[in-house]
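Chain A is already provided as a structure; the job is to place chains B and C on it using the hints.
These are the residues of each chain, in order.
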Amino acid sequence: MPSIALLAPVLLPLIAAGVITAFGLSGFNLGPIAVGAGAWAAVLALLVLWIPLRSTQELSLGQLGFGTGLQLRLDAVAFAFGLMVLVPAALVLTLQRRNWQEAAIGVLGVAAAMGAIEAGGVVLTALAGGTAATLAIVQLDAEDVRAPRPRWSMLLAAWLALSWAGVILQVRSGTAAYAAVPVSALTAPVFALIALAGLMASGLVPWRSWPAEVWSRPSLRAAGLVVATLYPLGFYLLVRAYEMGDGRYPQVAFHAILASLGVVVALGAAVRAQSATTRRGFFAEVIPGIGGFALMTVALGTPLGLVAGLITLAFAAAMTACLSLLPDRAGPASLVTIAAAVGLPPALGFGARVVGVESTFEAGDFFGFIGVGGTIVWVLWMVAGARATGLPAGRGRPTGETFPRVAMAVAALTLVAGPAIGLIQSAFASPAQADVMPLPAGSVGGGLMSMVTVTTVLPVVALFVPLLIIGVLAYGAAGTRLIRTQPRPPLFNLPWAGAAARLRRAVALASMPEQYRSILDLRALEAAAMGGRPLIWLASLVALAFAVTR
Amino acid sequence: MVEAAFVAWVGAALVVLADGRRGLALGLVLLTAGLAVLAWPAGMAFGAVAIAAGGLVAAGQCLRSGPASWGIMPAGSTPRLIICIASGLLALWVAASVTSGTGAPLRFAVLLVVGLMGARILISHEPGAVLAAIASLALALGVAPGLAATSPGPVAAIVGALIAAGVVFVPAGLARLASIPLADKDGA
Amino acid sequence: MEPELLLAAAAALGLAVVFTPLRVPRASLLTWGLLGLAGMAAIVIAPSLDLVILILLVLAVLQARLTSNREFVTRLRAPVLAIALLALGLAFERMQGPVVLDRFGAVGIVAGLVAAIGLLPYVHEFDPDESVVASPIPWMAFIGPPLAATVLLQANQVIPSDAGDAFGAMLIGLGLLNMIGGSLGSWRTENDASAWRYSFMADWGLAMCGFGLAIADGRSAALLMLFSIVLGRLPLYLWSRQALREKVPTDRPINLVVAAVLAGSAPFAGFPARVLLLRGATQLYWPLALVLAAGMLLWLPSSLRLGRSMGVPRGRQAVGVAIVLALNVLLGVYPQPLLTLAGL
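As given, the protein sequences belong to chains A, B and C, one line each in that order.
Per the numbering used here, the first sequence runs over residues 1 to 550.
Per the numbering used here, the second sequence runs over residues 1001 to 1188.
Per the numbering used here, the third sequence runs over residues 2001 to 2344.
Among these hints, one or two may not hold up.
[What the hints assert, rightly or not] Have a look at the derived ranges for each label pair, beta carbon to beta carbon: (1) F1169(B) <-> A2318(C): 24 to 30 Å; (2) V1098(B) <-> I2215(C): 29 to 35 Å; (3) I2215(C) <-> A1149(B): 28 to 34 Å; (4) R523(A) <-> G1060(B): 47 to 53 Å; (5) A188(A) <-> A1149(B): 50 to 56 Å; (6) P182(A) <-> V2099(C): 41 to 47 Å; (7) S1100(B) <-> F546(A): 36 to 42 Å; (8) A529(A) <-> P1074(B): 29 to 35 Å; (9) I2215(C) <-> A1075(B): 54 to 60 Å; (10) A2027(C) <-> G27(A): 19 to 25 Å; (11) R523(A) <-> S1097(B): 45 to 51 Å; (12) L535(A) <-> A1068(B): 31 to 37 Å; (13) A180(A) <-> A2027(C): 19 to 25 Å.
[As the list claims (entries may be wrong)] According to the in silico footprint, chain B covers these stretches of chain C (three or more CB under 8 Å from chain B): (14) 2069-2076; (15) 2245-2256.
[Said to hold, decoys possible] Listed below are several chain C residues computed to face chain B (Cβ distance under 7 Å; list not exhaustive): (16) L2051; (17) I2053; (18) L2054; (19) V2080; (20) A2084; (21) A2087; (22) L2088; (23) P2160; (24) D2162; (25) L2176.
These aren't lab readings, by the way, just hints derived from the structure by calculation.
All of these numbers come straight from a predicted model, not from anything done at the bench.
For every residue, glycine included, the Cβ atom is placed at its ideal position computed from N, Cα and C.
Chain A on its own, in the form it takes in the complex (with noise of 0.2 Å):
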């Protein structure tokens, strides 16, 4: 395969959105399917280029112009993180009918997403990734304008963060480019900056940020796009970072404060989740949720904490997909979705979260008590999860963007594929891991029947298969006649939960008093400063020529 082909899981969603323009300027609306026919053929591409070989395939096409040049790079890792931006958006973009404009803009995200994942360097990434926020922006204020957003302030700092760190490592080290980035130039400020970009990028805070609130607006179509599109891309930065510092960050406390910090926004969203008074409500936390404790095993610095990581990551973008599609009413659909999303056995989340807590103790020390934190998250969400079965549905959303078998088959799927762990952790993860991370002998290993770590053997499909089994039988014999919708009280109320939102406001009315007001006139200020006065400029002048006598 030429190498030129690589170009083609960004160029054809490209050529879609450039299709989809033309026909929508004449008055014709192509519909889903040929919407979603961008996408899925990104998709395929990706498969094409990647299965027959399964190595890294490089492109350059010569400099940009600031700076760096346009190299495109298909490695296990991009090819785990394509598969992750684009099945979801592929999925939503083909089942949801959208305008012809914004199904131009979401394409072009899709196709700016997988710009970010194929660069071979931080700064092609970093404008790739800023082109993604963008139309992320645009998408959602195109859809509806008053409902909520990621702020904008923090995706352009994230990207502009990323921007510089990859400057800094231009100047220090002659290039940015993933692969050839010296060990020595990723010192701790510049891996500083990529983590500061990778958790404002997919919004990794502790307190409600825009991967929960974008679940709240009246309509998901955009919502879903975007979190499909950008939630994985500050995890990607993050992956990256372990390319270029040789398998790990430039010191451990990266690690430990990261992977505390995936607790922590874990246990955020568990807590907003178990208070939740819809359905709607808790799985705006979902995401969130998962991404915790992804960020938790992946920072850890460990090849098993990276592969549960990357398995849970697959499994975010599983349940983007499912939740973008699925009803606001109560259902099956609904229940298996939560059954999925806190994990129950024997779920790929399920699999994914033992082999993560299975991974901090492997590595040691501190990094035990991050385990111990994940499992009484973990066991939080499962309650939040059972109060949510018996949670009003919520505001309702618009019947057309809804897909409740698409959704169920969707949460169904991940809920089966817990004993196929061991295939998707050598299939998928694992290449990704060794592609980033030195693999001491022996650390993670396994096949399709089970996972072999340092300290046990997991044996996933005995274990899981049972699981399995038990309950779906359970599952038929209760059905949903059980669940009566009915406001349950959350298990606790965090005090402070509504702080923030009041400092804001206190913040936004605060107003000089009156008696002051004559001390600091803005208005004033202005007028003196634009008149156009003589005298302020000769104060200037006589400024400046003090200035340099300095």
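Just chains B and C now, kept in the frame of chain A:
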């Protein structure tokens, strides 16, 4: 040369202090004479001729527009007088004491005229006086290249002279051009 | 760099004339635009700074005589101050004397340039209801870019190395002042037209920082910023005038895309300019990069405001906006040809 610099100062001061057309015209004439004489030995012989011609044209046009009076030092012009004296002293100090090398009179004249004409335009409200100041400024800018170490040629002096001669005619000329309707506020 | 900026200005004029609303008389716009272009061409080809200053005087007088609510004399003040400062600065550089005289000369040239463009602290008086041709905007967005490139190129030939550091430091200092003042002013000022004017100042702040860095990355950043001013902000401002008068903010996707262009988000021209600026600042003095990065976030609230104030472009304007967006995307993703053309 020192006399020429002094004449230029007097001319510039008159342009600053006068509000009537006769005063402005006289100031322009004196300024022109001073600058032309200073430009000659600075390697700009042809330029000096251009400066003289441009300045005299400007003075002539100035004499034909504005209040028919001298208007020298009207009421409230004390600050302007102070500016003229202070800037003269400052320019003299810079040209003669702070800086070195030949051409001190030219340095004095350029610094003084540019500074004074700039001040005149900043503090004035009368278009006639402002146009006279612009003409004077153009003449000074025309001879300023004479400060360079190498001979600058006459181009700047010719351009300055043309501007000085043309700017005082601009109101009449642009009144005809301005009859083309300006771009509306809505679009541009 | 100067010929490229001249071409950009010509292209901006073409866009303005072709895609301006029908009720705007194209003839006068074209006439005054071509006069301005002629003046800029003369500035670019002028062999010395003296001639540049003289041409500047001509342009100032011509523009001041246009019909406007502001007095002729008032409108001349700032440009004449610029001319006087440039002339005095150049004179100081040519005189033999102590080193401090060279520095004062650098002050004069920098201050003169800033006054000519109309940036802080030498801001031209602005009437939001005034015709654009007669307003200070052409100084900032049409004549200003080639003028700045020419003056700085010529100034580098006359300013000795002793004063070079002071020259660069002043450019950066005034750049930061305009960056912060412009972006805050654009966000907080009451009048939308004034907000646009402040936004030009903010962009100029980044350009001046780029010029002040005096390395290839800085100059490249400055060139891209000036291009984004001439071929991005200026046409968008012209097409927003109708909506500014109607005072009806709109929140359509196109307004957000325009906001993204104005904010310098990827993939538009402002983004690589910012990347290059951060790279240049990191090479020389990394705390400056920190200040710049933090300041760049201030563009967002004002850009959202300006994007909304544009209204919904229709008909010819919509085509014009699409062309501007396409140009900005091209420059934003692939600026290399432009930089190669400019010798950077």
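- Per the hint of 19 to 25 Å, is the separation of the Cβ atoms of A180(A) and A2027(C) within bounds? The hinted range 19 to 25 Å is violated for A180(A) and A2027(C), with Cβ atoms some 58 Å apart.
- Task: Determine whether the Cβ-Cβ distance between I2215(C) and A1149(B) falls within the hinted range of 28 to 34 Å.
- Result: Taking Cβ atoms as reference, I2215(C) and A1149(B) lie about 29 Å apart, which means the hint holds.
- Does the Cβ distance between F1169(B) and A2318(C) fall inside 24 to 30 Å? The hinted range 24 to 30 Å is violated for F1169(B) and A2318(C), with Cβ atoms some 44 Å apart.
- Verdict for S1100(B), F546(A) (Cβ pair) under range 36 to 42 Å: violated, 24 Å
- Item | Evaluation of the interface hint that places A2087(C) against chain B, nearest CB under 7 Å | holds, 5 Å
- Restraint satisfaction for L2051(C) [CB to CB of chain B, less than 7 Å]: Since chain B brings a Cβ to about 6 Å from L2051(C), closer than 7 Å, the hint holds.
- Can we keep the L2088(C) interface hint, with Cβ of chain B closer than 7 Å? holds, 6 Å
- Taking 7 Å as the limit, does the beta-carbon of D2162(C) come near enough to a beta-carbon in chain B? violated, 16 Å
- Closer than 7 Å between Cβ atoms is the bar; does P2160(C) clear it against chain B? Give me holds or violated. violated, 13 Å
- Message: Given a hint of 50 to 56 Å, does the C-beta separation of A188(A) and A1149(B) actually sit inside it?
- Response: Distance hint for A188(A), A1149(B) holds at roughly 54 Å.
- Query: Is 45 to 51 Å right for how far apart the beta carbons of R523(A) and S1097(B) are?
  - Reply: holds, 46 Å
- Query: Do the Cβ positions of R523(A) and G1060(B) conform to the proposed distance bound of 47 to 53 Å?
  - Reply: About 48 Å separates the Cβ atoms of R523(A) and G1060(B), which means 47 to 53 Å holds.
In this structure, the hints that do not hold are numbers 1, 7, 10, 13, 15, 23, 24, 25, in rising order.
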